[in-house]
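Participant: Sequence:
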Amino acid sequence: MHDLDCSYRLALPIRIVARPEDHQRSSKQLARYTMSHPETELVHGISVTTLPRTLFDCAARQPLRYALGPLDSALRQERIGRDTLLAYPQTVKYSRRREAVNRAFELADGRSENGGESEARGVLITVGRPPTDIQAEYPCLTYSGRKHRVDFLWKRQDERLIVGEFDGTRKYVDPSMTSRRTIQEVVDDERERQRCLERQGICMIRMYYDDLNNPSRLIQRLDAVGVPSQRDNDTSAS
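Just add 20 to wherever you are in the sequence shown, counting from 1, and you've got the working numbering.
Accuracy of the hints is not assured; some may be wrong.
[Said to hold, decoys possible] Cβ pair distances, simulated, as ranges:
| hint | residue 1 | residue 2 | range |
| --- | --- | --- | --- |
| 1 | 146 | 64 | 30 to 38 angstroms |
| 2 | 67 | 208 | 48 to 56 angstroms |
| 3 | 107 | 41 | 28 to 36 angstroms |
| 4 | 45 | 106 | 31 to 39 angstroms |
Read the hints as simulated data drawn from the structure, not as lab findings. In this text, a Cβ means the ideal position worked out from N, Cα and C, and glycines have one as well.
Using the sequences and the accompanying hints, generate a full structural model.
Facilitator: See the structure below:
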């Protein structure tokens with residue numbers, strides 16, 4: 021209802037807030053969550069939990085992989101300010117998952133361009149390979165003035181740079197992302213972009229949705245190209 025990025029995997033069951041006196045059971049299609057005094061507002065004439073409360077509940081009930089999408093998109097769309105977002109968890113009196121919520125809220129980043137990138141970043145953080153930065157830009161060596169923006173960036177201790185690109189099918193078929201190019205043209209442009217970055221000494225790894233579902237394989241692929249782990253970063257910092 022708030023028009024936020026959300027994984028299709030979470031489409032069902034539909035989640036509703038129920039009063040304590042409502043004793044109806046949840047089903048495969050409808051999940052009921054009990055709240056005595058829910059924060060609500062009207063969206064398109066329907067009573068829903070407020071945006072901050074919705075973000076809180078998403079972060080409290082979902083793993084980081086799925087929590088970042090709504091948070092990132094809320095910041096990207098300027099639906100909520102970062103200071104307001106970070107302060108909100110302290111206004112919720114009771115929560116068994118407050119630590120997880122605070123972590124997700126702190127990791128939220130409005131620079132993330134879509135839900136797929138947010139989901140991938142959540143997995144990267146969870147497997148101990150958090151990117152150093154996102155949406156970093158590098159010059160295009162073919163066309164003056166053009167820049168290449170990458171999804172994820174890792175900076176190694178030896179100063180080598182590794183970039184990660186999350187390739188979802190949307191990039192190749194969604195008109196809003198293809199700029200009217202054919203699939204072959206999009207693929208060719210991606211290859212040229214990768215070659216341009218490699219000419220600048222930047223290594224690239226492409227990640228796919230299947231990688232997010234296989235953390236062990238993803239870690240192996242990341243390690244193979246030298247992506248630093250959180251442990252490596254902690255050691256260098258100390």
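Participant: Could you work out which of the previously given hints the structure breaks and list their numbers from low to high?
Facilitator: none
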